[in-house]
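Protein chains: 4
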Amino acid sequence: MTDRHVPAWHNPVFIPGPTNMPEALRKAVDMPTMDHRSAAFPAILHPTLKMVRQVLGSETAEVFLFAGTGTLGWETAISNTLSPGDRVLACENGMFSRKWIDMCRRHGLEVEEIRVPWGEAIPAERMAEALAADRGHAIRAVLATHNETATGVRSDIAAIRAALDATGHPALLMVDGVSSIASMPFEMDGWGVDVAVTGSQKGFMLPAGLAVVGFSPKALALVEEARLPRTYYDIRDMRGAYPSGGYPYTPPLGLINGLKTACEMLLEEGLDNVFARHHRIAEGVRRAVRAWGLPLCAASPEIASDTVTAIRTLEGFDANRIVARAAEVYHVAFGAGLGDVAGRVFRIGHLGMMSEVMALSGLATAEMVMADLGLPITLGAGVAAAQDYWRRTLPEALRMAA
Amino acid sequence: MTDRHVPAWHNPVFIPGPTNMPEALRKAVDMPTMDHRSAAFPAILHPTLKMVRQVLGSETAEVFLFAGTGTLGWETAISNTLSPGDRVLACENGMFSRKWIDMCRRHGLEVEEIRVPWGEAIPAERMAEALAADRGHAIRAVLATHNETATGVRSDIAAIRAALDATGHPALLMVDGVSSIASMPFEMDGWGVDVAVTGSQKGFMLPAGLAVVGFSPKALALVEEARLPRTYYDIRDMRGAYPSGGYPYTPPLGLINGLKTACEMLLEEGLDNVFARHHRIAEGVRRAVRAWGLPLCAASPEIASDTVTAIRTLEGFDANRIVARAAEVYHVAFGAGLGDVAGRVFRIGHLGMMSEVMALSGLATAEMVMADLGLPITLGAGVAAAQDYWRRTLPEALRMAA
Amino acid sequence: MTDRHVPAWHNPVFIPGPTNMPEALRKAVDMPTMDHRSAAFPAILHPTLKMVRQVLGSETAEVFLFAGTGTLGWETAISNTLSPGDRVLACENGMFSRKWIDMCRRHGLEVEEIRVPWGEAIPAERMAEALAADRGHAIRAVLATHNETATGVRSDIAAIRAALDATGHPALLMVDGVSSIASMPFEMDGWGVDVAVTGSQKGFMLPAGLAVVGFSPKALALVEEARLPRTYYDIRDMRGAYPSGGYPYTPPLGLINGLKTACEMLLEEGLDNVFARHHRIAEGVRRAVRAWGLPLCAASPEIASDTVTAIRTLEGFDANRIVARAAEVYHVAFGAGLGDVAGRVFRIGHLGMMSEVMALSGLATAEMVMADLGLPITLGAGVAAAQDYWRRTLPEALRMAA
Amino acid sequence: MTDRHVPAWHNPVFIPGPTNMPEALRKAVDMPTMDHRSAAFPAILHPTLKMVRQVLGSETAEVFLFAGTGTLGWETAISNTLSPGDRVLACENGMFSRKWIDMCRRHGLEVEEIRVPWGEAIPAERMAEALAADRGHAIRAVLATHNETATGVRSDIAAIRAALDATGHPALLMVDGVSSIASMPFEMDGWGVDVAVTGSQKGFMLPAGLAVVGFSPKALALVEEARLPRTYYDIRDMRGAYPSGGYPYTPPLGLINGLKTACEMLLEEGLDNVFARHHRIAEGVRRAVRAWGLPLCAASPEIASDTVTAIRTLEGFDANRIVARAAEVYHVAFGAGLGDVAGRVFRIGHLGMMSEVMALSGLATAEMVMADLGLPITLGAGVAAAQDYWRRTLPEALRMAA
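Protein chains in written order, with my numbering: chain U, 1 to 402; chain R, 1 to 402; chain E, 1 to 402; chain B, 1 to 402.
Fair warning: there could be bad hints in the mix.
Since the list gives no way to pick one copy over another, a pair counts as held whenever it fits inside one copy or between any two copies.
Claimed, not checked - Only pairs whose alpha carbons sit at most 20 Å apart, straight line, appear in this in silico SDA-like list of lysine to any residue:
no., residue 1, residue 2
1, K50, A40
2, K27, H10
3, K27, E264
4, K218, S83
5, K218, E187
6, K27, L267
7, K50, G240
8, K218, A138
9, K50, Y242
FYI, nobody ran anything at the bench for these hints, they're computed from the structure.
A quick note: this is a predicted structure, and the numbers were derived from the prediction, not measured.
Required output: the full structure, derived from the provided sequences and hints.
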């Protein structure tokens with residue numbers, strides 16, 4: 001609390017996770033103590049696992065939940081399937097893909113790395129070339145970041161699967177869906193994803209603290225032979241404990257209960273509706289950005305993310321100033337540029353609980369901040385573009401209402 | 001939950017109370033059960049009474065808290081000071097002043113009523129005339145609604161006090177400050193207010209359920225002779241019980257604890273800052289309304305309220321459609337017109353926890369709704385006017401920040 | 001917080017209301033702000049009214065909810081049905097019946113009062129005599145306190161109805177069921193109760209702040225002719241507003257939502273089960289008291305209350321010391337003796353959310369306190385008597401479990 | 001919810017973690033979303049790290065917080081200091097020491113294992129022998145479980161340090177203080193502990209989900225040369241990020257805020273008072289057990305834990321039946337026996353927020369259950385023993401009160 005008693009967080013946040021939280025999820029997480037060894041635990045755990053599988057778009061995957069974050073999810077993916085010295089193919093096109101690659105190296109894996117400028121999607125054709133060249137199938141896994149949170153770029157996982165299939169390559173396909181799952185279409189079975197990784201604080205609209213990982217039967221078959229050391233995130237301990245309602249250590253019960261409620265909400269709304277809702281909000285934000293005359297970080301419109309929009313500022317202008325001023329002066333949180341695009345990009349997160357009404361306050365704030373900083377912005381211009389788009393794209397039933 | 005899992009109330013509300021609630025107040029209200037007959041109760045009650053007195057702008061008033069609402073506060077005011085057949089002077093200039101007058105009649109009081117068109121302030125000069133004409137001092141009390149929530153009109157209580165003083169009239173001055181106290185300047189002592197009435201759900205930013213009433217020493221002196229029947233809201237029972245930490249019945253402890261925290265927040269911020277903050281937000285909203293080309297319900301700018309803005313729509317257009325569509329389509333709550341201005345006015349509440357960022361989402365929503373309904377509105381126009389005003393009126397420290 | 005960071009209220013409370021609150025009810029009450037003029041309000045209000053009627057044991061009563069407490073409920077009962085000078089028949093057998101009688105006098109009613117020693121039930125036969133003597137039917141209402149919270153005494157409302165019927169007396173039967181409704185059998189229709197009064201903080205297990213009142217059709221028929229002044233609690237305003245989802249002023253929405261959830265819980269459990277549960281807990285407490293060798297305040301066992309047990313201490317011993325020491329030393333709240341039995345009685349409340357496990361900690365604490373104060377108590381003796389009773393009276397299914 | 005609407009968890013839990021949670025901690029954890037990259041984060045993180053260090057009894061350790069549990073803490077300890085093939089010395093005297101040893105082997109460490117019957121403490125003299133025999137200092141670390149949660153046994157860490165010092169052995173001393181830290185005396189600096197591990201859900205009285213690890217300067221000096229692979233729990237990433245208020249990934253902000261509040265509570269009470277409080281509660285529980293005629297699992301009284309009491313049942317009687325019946329019939333959670341003592345032991349957890357009043361309800365429940373199951377128990381006997389002890393050991397000020 002500073003000079004005004006209105007704390008910053010009563011404005012919505014516009015970071016790409018943790019998202020704004022629905023009341024129902026806050027209350028689901030805030031549980032009194034209960035005995036996790038009692039029958040009450042599987043009554044929460046089992047339906048949650050089943051519903052998460054649905055959200056992942058799978059009928060056959062096994063889902064594992066850890067006290068942890070997406071980073072732990074990455075480590076769970078590689079450590080349960082690979083052995084030191086194993087080769088993986090991966091593409092760096094942003095901060096989070098870079099970090100996963102770095103993790104692989106720290107674990108003694110050999111990474112065949114495709115690099116593209118940040119802002120581009122994973123080039124499936126270059127992946128295909130690398131796989132074709134790997135006649136001996138030395139590559140044990142392909143790692144792909146579905147949605148690069150740092151650049152607001154969505155990659156085409158189906159195309160990577162096609163590249164694998166075209167060459168008959170047996171490598172596992174591991175996908176970081178941290179900022180896409182439960183917000184953007186994700187088809188674990190349809191795309192042949194072997195390990196899918198996400199966390200609680202994005203599409204599931206929960207606090208951070210839960211890593212969510214799905215393993216395909218093919219990935220599960222490799223668990224015994226994988227020789228990377230592990231205990232906490234060894235999925236064998238989970239697999240052994242789950243059926244009888246156990247857990248290898250004390251589970252983060254409130255978060256799991258929150259995940260249960262989140263899944264119920266998402267499935268009740270219908271995943272297609274959830275995805276369409278995110279797309280509509282994202283598109284309105286992009287209209288606003290266009291009205292501001294600013295380019296996206298995403299190299300082309302069709303790869304722009306539906307959960308976060310990264311916006312380039314003018315050459316020579318420090319984009320961090322926008323984020324800093326929004327926070328200090330207007331108590332609004334945007335995302336800063338990270339890594340290679342630090343200072344050149346600011347980000348508007350718009351996933352999870354984000355109505356057009358909330359989004360408009362973020363756009364209006366960004367306009368005030370840019371005007372404050374002397375950028376050539378017309379107040380209201382981006383807002384109007386978004387208003388126009390959102391008005392015209394109301395669901396049919398609402399358009400006709402009252 | 002309807003077709004979208006984003007429940008309406010995650011957008012800010014723009015009704016003139018109950019207001020949006022700060023997290024700290026929700027948590028203060030949500031108390032575990034405690035024994036209201038224990039020493040813990042006066043530890044909450046006593047500082048609260050003292051701080052409320054400060055918020056009322058008094059050093060001598062006694063404050064009483066009831067499970068109830070502002071309506072109960074009105075009844076507390078008249079029943080503890082008047083007797084059947086007593087004459088009161090009052091002015092109807094909106095729905096809430098009308099209701100208080102109606103209450104007086106139900107209790108057998110004789111009301112000398114000044115009527116002005118809704119949208120006008122209380123005419124102090126006509127009050128003065130009536131008081132001057134009352135040579136025999138038959139008028140026992142003057143009732144005034146400081147801020148007419150129905151029309152967004154602020155009246156000049158100091159001028160009414162001046163009218164009383166000018167004629168040396170001994171009548172009590174009772175003021176409904178429900179939608180002004182803790183948001184707009186209110187000087188119980190300075191204005192010679194004898195009974196001040198408010199509730200928890202406005203400037204105190206709490207849930208509804210607590211009536212807050214202050215009595216001046218002059219009003220207190222009349223309590224024994226007042227013959228209107230009363231028990232629940234007989235302040236004698238409260239006065240008898242408070243000093244020893246008692247209460248005449250089971251107190252609504254969570255709300256009282258919330259009121260304690262609310263007062264702490266308001267006084268920490270400084271009442272002058274609180275009032276300035278409300279004025280700044282209100283003025284930005286009025287700029288937006290002007291940009292829309294719509295007139296205020298308030299007859300002139302200088303009487304416009306800083307807590308709620310009532311906006312007239314074009315002749316022949318049902319203003320309720322705006323409120324209905326905002327609720328149904330955008331899950332945003334505005335206030336409808338009441339009584340004489342029903343269908344001709346809609347209201348934007350902007351008191352309590354209302355940042356400029358939140359307010360912008362309300363303005364943007366109103367624009368979309370009006371456009372949806374075919375009104376000649378330029379999207380973004382009101383938003384831009386408000387952005388411009390709010391940018392230029394940032395507190396000095398913030399203007400210079402980052 | 002004193003020398004230990006374990007705040008008192010983490011121990012259960014053993015006062016006869018407010019009760020310990022179920023987690024689900026605290027969460028139901030703690031609502032974000034919503035527009036009480038929106039369609040969301042009747043979606044909460046209407047089913048609540050209907051379910052409360054069921055809990056009252058009526059099919060024809062109309063239910064009204066006020067921000068207030070049981071005291072306001074008493075005032076609602078008399079003011080909506082009676083006129084100044086009207087005569088009522090009532091019996092004082094404890095503090096709460098005394099207070100209701102006092103209220104009647106403050107409102108200019110003439111009270112024909114039957115007095116019995118505190119600890120006795122209402123003598124239906126003396127009521128019958130008074131009614132028989134009232135050939136002219138001057139008595140307009142009979143007031144009865146179903147469960148005297150101050151003495152832990154239950155009266156026989158059916159017998160009072162029988163007395164009315166036997167003489168063909170048309171007086172209304174108004175019942176204070178504050179500490180019985182939703183905990184002990186209450187049959188509004190079956191007993192011909194015309195006005196039933198309760199509050200949120202007893203059997204409904206909610207915070208204080210809501211007065212709950214049911215009117216029979218016969219009582220409703222008198223509302224227009226009743227001349228006691230009233231506005232806030234005039235049920236005509238409620239009756240006018242409810243059908244369209246309105247409310248005469250700002251409703252205490254969280255509490256109403258809590259009441260909805262409370263009714264759902266009670267009806268799901270089944271009222272008979274709720275009553276049986278309360279009886280079983282109460283009986284165990286009485287067994288403990290007997291083991292302590294202390295007499296009940298209740299004059300005979302069959303009138304002992306199932307929601308609160310008032311226990312007499314030895315002549316010359318100040319019972320308040322037990323309550324004070326329990327609070328200060330063990331952070332446990334018992335109820336003190338009130339009025340005529342102050343200092344001679346302490347009370348253990350056991351209504352609402354009170355498991356046998358919780359109750360045992362209260363009994364064990366009382367034993368420690370009495371031993372601390374030098375009373376001739378055998379530690380564990382009362383506990384053992386209650387354990388024995390509760391073990392032997394488990395529901396069949398549980399007795400056979402595991 | 002089953003046949004009764006009183007949910008199990010409204011009774012206190014008597015498991016050795018997660019503990020009953022103080023209201024203030026639940027509210028501290030239940031935070032609205034805030035930007036973890038804002039200045040608000042270090043304002044929470046930095047004082048928390050400092051206070052945790054105090055709670056660990058250290059002035060020089062660095063503290064690291066992970067979304068995780070104690071198991072992750074163990075892995076953090078070994079992975080940041082050791083390399084594959086390194087030798088560690090450890091003693092198995094219960095389930096949790098066994099699990100840590102197992103983890104070491106999974107990570108390719110060579111474990112020199114001392115085994116004692118479960119129920120015994122770590123034999124410092126055997127540790128000393130092993131260290132003396134290790135002339136070449138092949139042993140890189142000594143692992144010790146301060147409080148074996150499975151058996152309710154406390155080991156003497158100071159004695160192990162003495163054994164290390166006596167032989168001038170340079171091995172690290174790593175201590176699992178999961179169920180002792182913040183409840184029982186723990187002196188990281190005084191005992192020369194190099195890595196201390198705990199979690200949020202024990203002495204800190206928070207939900208599970210946070211691993212808390214302290215590293216001494218000596219341990220920190222080894223981090224670069226440690227070759228066990230790691231990323232998520234690599235403390236180098238934490239050390240790099242903390243000073244500027246960063247975190248290597250999305251932090252579990254609510255839990256960290258809860259830990260801040262927990263530390264404030266513990267330090268305000270005074271750690272010595274916290275420890276004394278735990279000892280007093282524990283001793284009362286042990287008196288009850290003695291009154292029941294049942295032996296502790298702990299081999300001798302002086303090693304009995306102050307946070308959990310493991311109780312042996314009679315030969316041939318399945319102790320799990322006690323736990324099961326308590327849960328099903330009385331909605332009370334006790335801890336089951338684990339591993340080698342499964343079915344022969346049940347456990348009463350009494351750490352964290354556990355007043356004597358709460359504890360009495362657990363003891364009374366255990367008595368009912370044992371009686372239900374036909375065990376030769378006198379109802380009230382254990383309760384009386386505990387009452388007697390707790391009465392006589394009240395803090396001076398309370399003993400004299402009221």
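Do the hints match the structure? See the list:
Taking the shortest Cα distances, K50 and A40 sit within 20 Å of each other inside one copy (17 Å), while across copies they are farther apart (32 Å). Taking the shortest alpha-carbon separations for K27 and H10, both the intra-copy value of 17 Å and the inter-copy value of 14 Å come in at or below 20 Å. Taking the shortest Cα distances, K27 and E264 sit within 20 Å of each other both inside one copy (14 Å) and across copies (19 Å). With identical chains, the CA atoms of K218 and S83 are at most 20 Å apart within one copy only, with a shortest distance of 16 Å there and 31 Å across copies.
Taking the shortest alpha-carbon separations for K218 and E187, only the intra-copy value of 16 Å comes in at or below 20 Å, while the best inter-copy value is 49 Å. Proximity of K27 to L267 under the C-alpha cut-off of 20 Å is restricted to the intra-copy arrangement: shortest distance 19 Å within a copy versus 23 Å between copies. Taking identical chains as interchangeable, the C-alpha atoms of K50 and G240 lie at most 20 Å apart only when both belong to the same chain, with a minimum of 17 Å there against 39 Å between chains. For the homomeric pair K218 and A138, the shortest alpha-carbon distance inside one copy (17 Å) is at most 20 Å, but the shortest distance between copies (41 Å) is not.
Proximity of K50 and Y242 under a CA criterion of 20 Å is satisfied intra-copy only: 12 Å inside one chain copy versus 37 Å between copies.
In this structure, every one of the numbered hints holds.
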